[in-house]
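Position chain B relative to chain A; hints supplied.
Each protein sequence line maps, in turn, to chains A and B. So in numbering that gives the first Met the number 0 the end of the first sequence lands on 403, straight run, no missing numbers. So in numbering that gives the first Met the number 0 the end of the second sequence lands on 403, straight run, no missing numbers.
By construction, these hints were calculated from the structure, which means they are not laboratory data. As the structure is a computational prediction, the values presented were derived from the model and not from experiment. Careful, some of the hints might be misleading.
Unchecked claim - Residues of chain B clear of chain A, computed beta-carbon distances all greater than 12 Å:
(1) S26
(2) N124
(3) D289
(4) V331
(5) S372
To be verified - If you want a taste of the chain A side facing chain B, the calculated C-beta under 8 Å gives, among others:
(6) K18
(7) L48
(8) S52
(9) E54
(10) P59
(11) V66
(12) V74
(13) I76
(14) R85
(15) S92
(16) Q97
(17) G141
C-beta: ideal position from N, C-alpha, C; glycine also.
Spelled out from the first residue to the last, the chains are:
2 protein chains.
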Amino acid sequence: MLVVQKYGGTSVGNIERIKNVARRVISQHQKGDQMVVVVSAMAGETNRLVSLSREIHDLPEGREYDVLVSTGEQVTIALLALAIERQGAKAVSYLGHQVRILTDDAFSKARIRSIDADKILGDLNAGKIVVVAGFQGVDEKGNVTTLGRGGSDTTAVAIAAALKADSCEIYTDVDGVYTTDPNVCPDARKIDRISYEEMLEMASTGAKVLQIRSVEMAAKFQVPVEVRSSFNENPGTWVTKEESQMESRLVTGVSFHKDEAKIAVREVPDRPGIASKIFGPISEANLNVDMIVQNVSSEGTTDLTFTVPKTELKRALLVIEKVAKEIGAGKVESSENIAKVSVIGLGMRSHAGIASKMFTTLARENINIQMISTSEIKISIIVDEKYTELAVRVLHDAFDLGKK
Amino acid sequence: MLVVQKYGGTSVGNIERIKNVARRVISQHQKGDQMVVVVSAMAGETNRLVSLSREIHDLPEGREYDVLVSTGEQVTIALLALAIERQGAKAVSYLGHQVRILTDDAFSKARIRSIDADKILGDLNAGKIVVVAGFQGVDEKGNVTTLGRGGSDTTAVAIAAALKADSCEIYTDVDGVYTTDPNVCPDARKIDRISYEEMLEMASTGAKVLQIRSVEMAAKFQVPVEVRSSFNENPGTWVTKEESQMESRLVTGVSFHKDEAKIAVREVPDRPGIASKIFGPISEANLNVDMIVQNVSSEGTTDLTFTVPKTELKRALLVIEKVAKEIGAGKVESSENIAKVSVIGLGMRSHAGIASKMFTTLARENINIQMISTSEIKISIIVDEKYTELAVRVLHDAFDLGKK
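This is chain A alone, in the form it adopts within the complex:
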């Protein structure tokens, strides 16, 4: 078996934990598996580096910022390789440019284009454990690039795809993917298997266990991914292609997040092309819009509501107030006290009634739904922030997701 393992920041957060990772890896290697290990920066290290740069620049970014933050992973690969050698096995560490993790040149959010698999395969065949720095790559010109927060997940999946590995194990500080956040629902259940599509929706709507792009890449190259804990031997959650047994479930999980704010533009003249007049400037300003709802028109005008990340609310309001004036719309309102709660499941495709059950459940608790957005396997709603945990708990119950 050829296995790619990825250990996150808490799993390599101090020297004892790094030694523990070395032990795990060597023990699996001794059972005959070929091992590639991708690691993140030690917990806290990336924040330390970012803080240093913030003392120089309010919003550090670009080429030099990537040179800076990529050092965290470099420290970890060296320490892990030293620990593996100290425990008697052979190891070699690689930086992004050394196994040519070629990316585009979008600093701090680069995308992987290709990886030189031959060098890694050569080392594996020579009996070495290969340790690769996550999160970093190199562009055509030889500049250091990074993949964005959580990018080590994507590095691991990309390497697994390039090596045609049998599996990619993502080690973290939780046991796997849960039906919802166990801090909110103590009876949340670990999911044994979940499809790429469901995982994508879970990750996009608030579950933070995997970086979204790593799931996209796993789906594209059909890499079986297991999310599990580095602190115990419990089996984790397999993220794989859709399987027949999955279909029996209606709903797989409930996710939520509180990072968005809502903007409403009142009395928008209801004529063709008006939406692009509004969202054109928003997109030019590089603002990320998530949900958009347009109410039915009355008397020639309509209300347009959408959400943006809270961190971008101020910038978005500046843009939108200008636009509203230009198109002769009414006033612009905004609120930060909202939360998005989502119900996800492959079963929605073939079963009607999920939405109505969701709305009934919330109504019973007098929770008002402010916006609704759906995809084939997901229903998201916006509610007042103070109802977040209550909404998650009653939905988790209603769809029977808790422990038996």
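Then chain B, alone, in the frame of chain A:
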């Protein structure tokens, strides 16, 4: 003018100091000079990394150790480049492999073979300030290598040589090279100009202001080097080829260090080839012998005394006690309570009497000389450690090195 500047760990020890370096560099750039800046790791950073690795391995070394410790300089180049850009100039940072600072593969003590000057010259001609990571390089196979402690000095001089720079300025936390350590002799004087040969002897015998190899390289490629402080605007010390004005001085400086230990082998049979029988195994054990003295033979035996670094004394004794038995020598004695004091000056070449003045001066203070070793422009003696400062002061006085 094309100027290479190197800033040491204390000069970039925190963000304020890095901003200050950016200001200095930009101000000189604005005067029309082309600027290449080589930087060390922030003070304390390399020690932090070494400590981490020591938690894994008593004596960490080799390929992975170099991957680890080279991150310190990477952090500094990124922060300095960000600071320069923040202050409005254009900057680009380079790691060892990006400007192909090609070295041999002797990890942790690699030697530079060549540097790709074209890339740097291209950036300089485009008006950019080029920031290069000191201390690190890359071998033929693309492995990260490091040059040993103080290696950033060598990086700077090597780049200056490759670019045919007009000068190489080494910024540190002292004003230049002094006639001796000002902590020992408060009237020690800053030297305005010193020859490569003298600087080499000063560095080899205890003056820590420049890495020895950087001076060798400066001499080889005739790079004019100025050692000066990053905390003021005072002119520093120029290290250059020998000039006529230098010859008028008899003695340039007095240096000392306390890092050596002495080993004496008594009653060594006095026959041809006996020295190689002793020093062969010493060299095979990779022990660094500094001074060697063999006393005049009496009754067919001789006493052999030599010094090794204190850190290597234990290992050396193990080797030498075995050898002594094999060759039928007498007992082996050792002492750590010694110091080496050296007097250096081009004038020694043509002026007799320096040695006798040195010995007379020490005799007047009842300081016993245990060993003597001389080169063309240097006399070193070993004395009891407790006399170190006294010996330095009386010699500094005797050769009139103090402030006028």
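Do the hints match the structure? See the list:
no.	hint	result
1	S26	holds, 18 Å
2	N124	holds, 17 Å
3	D289	holds, 31 Å
4	V331	holds, 34 Å
5	S372	holds, 39 Å
6	K18	holds, 7 Å
7	L48	holds, 7 Å
8	S52	holds, 6 Å
9	E54	holds, 4 Å
10	P59	holds, 6 Å
11	V66	holds, 4 Å
12	V74	holds, 5 Å
13	I76	holds, 7 Å
14	R85	holds, 5 Å
15	S92	holds, 6 Å
16	Q97	holds, 6 Å
17	G141	holds, 6 Å
Checked against the numbered hints above, the structure violates none of them.
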